[in-house]
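Novice: Heads up, the sequence shown is in this note's numbering, so the first residue is 762 and it goes up one at a time.
The reader is advised that the hints may include incorrect statements.
[What the hints assert, rightly or not] In the BS3-like style, the derived pairs of lysine-lysine whose C-alpha atoms are separated by at most 25 Å in a straight line are:
1. K931 <-> K964
2. K958 <-> K1004
3. K958 <-> K974
4. K765 <-> K958
5. K931 <-> K837
6. K964 <-> K817
Keep in mind that the hints were calculated from the coordinates and are not lab data.
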Amino acid sequence: MFSKFISGYIYGLFIFLMLLALFTAGTFTIFVWLFRGDPRWSFQLVVRFHWRLFLKLSPVIGKITIVNPHNLNSIKPAVYVASHQSSIDFVLLGSIIEDFMTISNHPISDLPIFMRIPRLVGVYYMKKGDPNAAITVFNRLSRGVQRGVNVFIFPEGTRNFSDTLLPFHKGAFRLAKDNALPVIPVIIDGTGKIVTKGSNVAKTLERTDIRVKFLDPVYADKEETLRSFIRRVRAVMQSEVSKCFS
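Hey, can you work out the whole structure from these sequences and the hints?
Specialist: Here's what the structure looks like:
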């Protein structure tokens, strides 16, 4: 019963901070649009600040440790591919990766009531099983990286709290290979102990530490096939994920 209360508080806190962020960002963005012409970076900046505030105020999130911070935001643009244990991962990466675009398969990110808000944050909705939607989003991300915007993607396509990575989708790797960009593997550990797939209730009432490890950039060889590139990155990530569960 108490865990449901805590979970309700966490979701309430997140919604409150997002509403506050949207109000603040909207006001700030108007001025940026008038003088600079590109409101996305300012809108995202404000939202990222509130995401960080949420992570600090959440009663079940403890210390967040960034391992290898020299691999974070040091190369731009880059394609970050991350392991995915929990819904917290999205906010976590969005709070630390600067000037990003990403994709979501959650319909709420493309509801008309939200207008262009998700896109201003850098989130693009991609309907599962719709090849046309995948092509549209891929083209948007391609235009983004050509402007110098980072991309982060969860290549498994779903949350997975186990010691074995699921098969990777090709999109992130094709994006990197086609644009000669580095893939930066990211290993997230700890979020799956807080909230995992299939439940909106916190699994623990104790503060749980989170570890985010940014591995060295991986570049596709000029003559390397896409399949080989994916297999190479996945092997590096699987080795790190196995250590988290050992």
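Novice: Each of the hints needs a verdict: does it hold here or not?
Specialist: Hint by hint, here is what the structure shows:
Between the alpha carbons of K931 and K964 the distance comes to roughly 32 Å, so the proposed pair goes past 25 Å and is violated. At roughly 21 Å between alpha-carbon atoms, K958 and K1004 fall within 25 Å of each other, so this suggested pair holds. For the proposed pair K958 and K974, the alpha carbon gap of about 21 Å is at most 25 Å, so the pair holds. In summary, the hint linking K765 to K958 is supported, as the alpha carbons are separated by about 16 Å, within the 25 Å threshold.
Restraint check for K931 and K837: the C-alpha separation of about 21 Å stays at or below 25 Å, so the hint holds. Simply put, K964 and K817 have alpha-carbon atoms about 18 Å apart, close enough for the 25 Å limit, and the pair holds.
In summary, the one numbered hint that this structure violates is 1.
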